[in-house]
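Chains as they are written, first to last, in full-length UniProt numbering: chain A, 1 to 309; chain B, 1 to 309.
Careful, some of the hints might be misleading.
Same chains, same names: a pair is fine if it fits in one copy or spans any two.
[Unchecked claim] Dumping the calculated DSS-like pairs for lysine-lysine here, alpha-carbon to alpha-carbon at most 27 Å:
1. K296 to K78
2. K2 to K78
3. K187 to K78
4. K296 to K76
5. K19 to K48
6. K150 to K187
7. K2 to K94
8. K94 to K132
9. K150 to K236
10. K296 to K248
Just so you know, these hints were derived from the structure itself, not from any lab.
One-letter residues, chain by chain:
Number of protein chains: 2
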Amino acid sequence: MKIGIDMMGGDFAPLEAVKGIQQYLAGGGAAHLVLTGNEDLVRPLLEKHGIPASAYTLVHAPQVIDMHEHPTRALKEKQQSSIAIGFHLLATGKTDAFLSAGNTGAMLVGSLYALRPLEGVLRPTISTIIPKENGSTGLLLDVGLNSDCKPEQLNQFARMGSVYARTILGIEKPRVALLNIGEEEGKGNLLAQATYPLLKANEHIHFIGNVEGRDVLLDKADVMVCDGFTGNIILKLAESLYEITRQKHIDHEYFERFNFENYGGTPVLGISHPVVIGHGISRGTAFHNMITLAQKMIYTGVMQQMSMG
Amino acid sequence: MKIGIDMMGGDFAPLEAVKGIQQYLAGGGAAHLVLTGNEDLVRPLLEKHGIPASAYTLVHAPQVIDMHEHPTRALKEKQQSSIAIGFHLLATGKTDAFLSAGNTGAMLVGSLYALRPLEGVLRPTISTIIPKENGSTGLLLDVGLNSDCKPEQLNQFARMGSVYARTILGIEKPRVALLNIGEEEGKGNLLAQATYPLLKANEHIHFIGNVEGRDVLLDKADVMVCDGFTGNIILKLAESLYEITRQKHIDHEYFERFNFENYGGTPVLGISHPVVIGHGISRGTAFHNMITLAQKMIYTGVMQQMSMG
Numbered sequence: 001m002k003i004g005i006d007m008m009g010g011d012f013a014p015l016e017a018v019k020g021i022q023q024y025l026a027g028g029g030a031a032h033l034v035l036t037g038n039e040d041l042v043r044p045l046l047e048k049h050g051i052p053a054s055a056y057t058l059v060h061a062p063q064v065i066d067m068h069e070h071p072t073r074a075l076k077e078k079q080q081s082s083i084a085i086g087f088h089l090l091a092t093g094k095t096d097a098f099l100s101a102g103n104t105g106a107m108l109v110g111s112l113y114a115l116r117p118l119e120g121v122l123r124p125t126i127s128t129i130i131p132k133e134n135g136s137t138g139l140l141l142d143v144g145l146n147s148d149c150k151p152e153q154l155n156q157f158a159r160m161g162s163v164y165a166r167t168i169l170g171i172e173k174p175r176v177a178l179l180n181i182g183e184e185e186g187k188g189n190l191l192a193q194a195t196y197p198l199l200k201a202n203e204h205i206h207f208i209g210n211v212e213g214r215d216v217l218l219d220k221a222d223v224m225v226c227d228g229f230t231g232n233i234i235l236k237l238a239e240s241l242y243e244i245t246r247q248k249h250i251d252h253e254y255f256e257r258f259n260f261e262n263y264g265g266t267p268v269l270g271i272s273h274p275v276v277i278g279h280g281i282s283r284g285t286a287f288h289n290m291i292t293l294a295q296k297m298i299y300t301g302v303m304q305q306m307s308m309g
Numbered sequence: 001m002k003i004g005i006d007m008m009g010g011d012f013a014p015l016e017a018v019k020g021i022q023q024y025l026a027g028g029g030a031a032h033l034v035l036t037g038n039e040d041l042v043r044p045l046l047e048k049h050g051i052p053a054s055a056y057t058l059v060h061a062p063q064v065i066d067m068h069e070h071p072t073r074a075l076k077e078k079q080q081s082s083i084a085i086g087f088h089l090l091a092t093g094k095t096d097a098f099l100s101a102g103n104t105g106a107m108l109v110g111s112l113y114a115l116r117p118l119e120g121v122l123r124p125t126i127s128t129i130i131p132k133e134n135g136s137t138g139l140l141l142d143v144g145l146n147s148d149c150k151p152e153q154l155n156q157f158a159r160m161g162s163v164y165a166r167t168i169l170g171i172e173k174p175r176v177a178l179l180n181i182g183e184e185e186g187k188g189n190l191l192a193q194a195t196y197p198l199l200k201a202n203e204h205i206h207f208i209g210n211v212e213g214r215d216v217l218l219d220k221a222d223v224m225v226c227d228g229f230t231g232n233i234i235l236k237l238a239e240s241l242y243e244i245t246r247q248k249h250i251d252h253e254y255f256e257r258f259n260f261e262n263y264g265g266t267p268v269l270g271i272s273h274p275v276v277i278g279h280g281i282s283r284g285t286a287f288h289n290m291i292t293l294a295q296k297m298i299y300t301g302v303m304q305q306m307s308m309g
């Protein structure tokens with residue numbers, strides 16, 4: 001099993017990526033790590049942190065895609081960047097997964113175009129973990145990859161989210177809900193109204209109906225489906241909530257669970273290989289969690305289970 | 001100045017409505033109150049709480065619209081309900097404002113059909129107060145009246161919200177933003193992309209660009225505009241946050257500000273007369289704040305300023 005890691009992505013690269021690798025290996029992680037990045041910067045750090053040479057292969061990538069570069073253009077123009085090379089290795093079977101805390105847009109563009117969607121998948125999607133007030137976790141998707149959605153897409157997100165919740169989050173029979181304004185069938189905007197009957201008829205999911213904004217943080221549903229516009233706003237609101245409680249020194253276990261570093265990153269669902277996108281501010285722990293997630297995604301074969309063929 | 005009050009609306013009616021009136025009068029409130037409700041229930045309570053007969057007129061309404069009744073049907077069939085009579089009094093100039101903590105849908109239907117939109121207003125809207133982390137407050141709209149919106153509607157919401165923020169919230173030059181996913185012009189879903197240039201060209205507002213989900217609770221904008229689907233989900237999420245922090249005994253001044261009872265109710269913007277809709281769980285303080293808000297809306301003439309004519 002080979003996991004590709006972009007060593008140049010994120011605000012604290014490559015140091016925090018190296019720390020994450022250190023944590024991963026210390027925890028008994030056994031996947032071979034294929035690292036892309038500037039050799040002159042990365043190798044001394046790996047050695048300094050005692051990463052054994054047998055644990056990794058370092059592939060030199062002389063270019064870096066900046067956090068604020070235009071994704072499509074950057075990927076096209078910087079073929080020797082750590083992200084472009086990382087995707088190339090994944091697409092050609094040299095690695096089994098790829099993760100990065102770098103330019104999110106470039107990671108999404110790479111996922112969509114360097115790889116390919118699974119058979120029958122209309123649009124890949126990204127999700128986020130939502131910490132529920134009772135200690136459990138839910139999955140919300142889409143959170144920004146698809147800002148305008150069709151009902152058929154939401155129906156597929158429900159199925160992909162359900163597979164992910166079962167296989168990766170370990171929820172045996174995930175309760176799938178449509179995020180909506182109003183509880184009854186027939187409520188909501190045109191998209192929600194048209195999506196409801198599709199979800200109801202979907203044999204691959206356990207659909208429980210609508211949930212509202214007030215249910216997002218409660219243990220009502222395990223998988224919540226919405227368009228990427230709505231989902232992204234909820235995701236960023238939740239992230240800011242964590243920041244605010246920290247600034248105000250509101251220390252409580254519940255808000256600590258809004259620390260997205262705990263979850264390590266966002267997988268792209270519905271594509272041929274596992275790709276995990278980390279937050280720009282990822283530290284060692286986040287990298288460690290991203291590697292662990294990628295590993296689990298590989299050995300469970302979760303992506304292949306999402307094929308609609 | 002005459003303020004109409006539905007005495008039968010809300011989970012704790014009519015007792016908490018009476019308490020709210022008591023608080024209002026104790027605070028020196030001088031508007032004449034026109035109360036609609038079941039005389040046999042309401043009059044003894046008014047007397048028991050020492051509300052002077054000179055302060056109010058009680059209009060008997062033998063019917064009640066339940067919290068879960070179908071709004072349009074209920075309003076049509078229950079012409080003798082406290083809400084239907086309340087709207088009739090308002091529409092015929094017997095009162096200058098109307099407020100209720102009853103069936104939200106019926107209050108909205110009444111606002112749209114018993115009253116009329118202001119000249120040039122495509123669609124009335126409802127808003128909510130968002131408590132910012134620095135102690136200030138922002139206005140978010142629409143929060144559920146218009147689940148599917150057109151760019152021209154969002155543009156009008158921006159103007160109406162701006163008038164409301166200036167006139168009622170006392171913000172001299174409200175910063176108006178488009179709630180979006182991404183900071184730059186051109187980002188977002190199709191609705192946001194088409195709305196941005198309209199807001200930019202709107203001479204009646206001080207448009208500052210996009211804000212993201214992470215900015216909602218920060219002091220970035222005074223007025224945030226979005227479709228009613230997105231807004232309603234944010235509103236209900238914020239409400240649930242207050243509930244969760246209470247349940248978990250996370251006591252902090254910041255979360256106390258998410259107690260929507262403090263804000264007393266939601267005004268319907270863009271119609272001919274002030275209408276304030278309270279939460280079903282409104283207690284005395286909420287009713288008091290609703291009456292005070294209605295009074296301020298009358299004497300500032302805020303609704304007339306929203307005319308697009």
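Alpha-carbon proximity context of K187 and K78, limit 27 Å: between (47 Å within a copy, 23 Å between copies)
Which holds for K150 with K236 at a C-alpha limit of 27 Å: within a copy, between copies, both or neither? both (23 Å within a copy, 24 Å between copies)
Same-copy or cross-copy closeness of K296 to K78 [CA-CA at most 27 Å]: Neither, since 30 Å and 60 Å both go past 27 Å.
Are the CA atoms of K296 and K76 at most 27 Å apart within a copy, between copies, both, or neither? Neither: 30 Å inside a chain and 58 Å across chains, both beyond 27 Å.
At most 27 Å between C-alpha atoms: does K19 with K48 qualify within a copy, between copies, both, or neither? within (11 Å within a copy, 71 Å between copies)
Intra/inter-copy verdict for K2 and K78 if alpha-carbon distance must be at most 27 Å: Answer is within; shortest intra-copy Cα gap is 24 Å, inter-copy 69 Å.
Are the CA atoms of K94 and K132 at most 27 Å apart within a copy, between copies, both, or neither? neither (38 Å within a copy, 49 Å between copies)
Reference check for the pair K150 and K187, CA-CA at most 27 Å: within, between, both, or neither? Both: 17 Å inside a copy, 19 Å across copies.
Please work out whether the CA atoms of K296 and K248 approach to 27 Å or closer within one copy, between two copies, in both situations, or in neither? Answer is neither; intra-copy 36 Å and inter-copy 33 Å both fail.
Quick one: K2 to K94, C-alpha cut-off 27 Å, is that within a copy, between copies, both, or neither? within (8 Å within a copy, 77 Å between copies)
When each numbered hint is compared with the structure, violations occur for hints 1, 4, 8 and 10.
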